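Visitor: Sequence:
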Amino acid sequence: MAGELSNTRTELPEMLVLDILSKLPVKSLTRFKCVCKAWSSSFQTPFFITQQHHNNLRNNNLNLLIKRNNGDSYHDIHFLSQLSTEKGQDFSLEQDIPLPFFDDHWHRPLVYGHCNGLLCLIGEDKLALWNPSIRQFKILPESSVQRPPSAYMTRFGNLGFGYDSQSDDYKVVRFVTNYFGFDDGKIKITSHVTMQIDLYSLRGNSWKEIPLPQVNVVHDHPWLDNHVNGIFYWVASGVTLASDFRLLSFDMVNERFSTLALPRGILLQNEFQLLNFNGLLGAMAYTWEVTPEETMCSFDLWVMSGSWTKLFSIKSVPGVWRLLGFWKNGELFYENSDNKLILFDPSTRELKNLGIHAYNGAMQIIFYVESLVPLESL
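Per my numbering, residue 1 is the first one in the sequence shown, and the count goes up by one each step.
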């Protein structure tokens, strides 16, 4: 009887095994690819990739990257580091992450958006997508969109990066400015400019031109996440009235622009930033109070859920220079006036200096959830 029991083997249903595996981190799944070919193949299916990512979202398994520079005023090299999120480690720096496309043209890379574990990087005139979980990157091809032949210069400006859930595709929208003018013998004199919009599809690995919106993008803040549920947002103004501030949005599914009014409470503030706040479009407004002793900053957070609502206010936080984002329990990361990373708890008003310095004020924190999304075989 004992021998019979020892030889008895119970096999779990394949779907149950994959469901269990989908709850594991990417690092473990990468190791388990070697167990058998069936597992390796299953980990690459859209169903498993989506399930594993949704499990991470459900459990709020956030990962942190921090972008800083090396403090060299001449070369000013920017780099990314993993920031530990383990309990008791106080967000210590784990390691610098080498990126293969860092060369002389990538000395100022900027994370311009992230979605489903993928990051969009811009450096000089190049664009790339990067999945830090599986260490895959892809430099995007040059745009095939035709430029006006009489333009003497073309510049690439604001970007948007997001996910098209209908076609399971990742897209980059880019604003392009063409400059026209004449040569006075010494320099080019610009007489006028025209705009174009380029749209890149990862699934097609190609660019196309799309119609222009009827507003002008004023500025955006890539420091925070402007992508919410398949829509990317920028701050814009009217074509005829520059002070007519509003939001410009781009829907990644139908590839159309639209505009959205800002709440009056935001427009009356000194400055504001857009962000993804728990799956809702948010706008964080700043007000500074300057005294001989120190500079204090107060925040009002507005969220869009059918209409704009002020969610909460945080009053008189000392030394704020730039908001970097919210952590899991409502704590606030910010860069202070000494270019140091601070974690602020609004409930206790505790300030924690995390001992990380950004030198010339180029700090950026990227919050992302691990993903198996491939960049070469979407």
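Incorrect hints may have been included.
Said to hold, decoys possible - Just the calculated beta-carbon pair ranges, DEER-fashion:
id : residue 1 : residue 2 : range
1  : R203      : S313      : 40 to 48 Å
2  : L24       : S92       : 17 to 25 Å
3  : A38       : Y359      : 44 to 52 Å
These are calculated hints, taken from the structure and not from any lab test. For clarity, every value in this text was computed on a predicted model and none was experimentally measured. Backbone N, C-alpha and C fix where the C-beta goes; we use that ideal spot for every residue, glycine too.
Visitor: Next, verify each hint and record whether it holds.
Guide: Right, here's what the structure says about each hint:
1. Checking the proposed 40 to 48 Å range against R203 and S313 shows it holds: the Cβ atoms sit about 43 Å from each other.
2. A hinted range of 17 to 25 Å for the beta carbons of L24 and S92 is consistent with their spacing of about 24 Å.
3. Separation of A38 from Y359 is about 49 Å and conforms to the stated range, judged on CB atoms against 44 to 52 Å.
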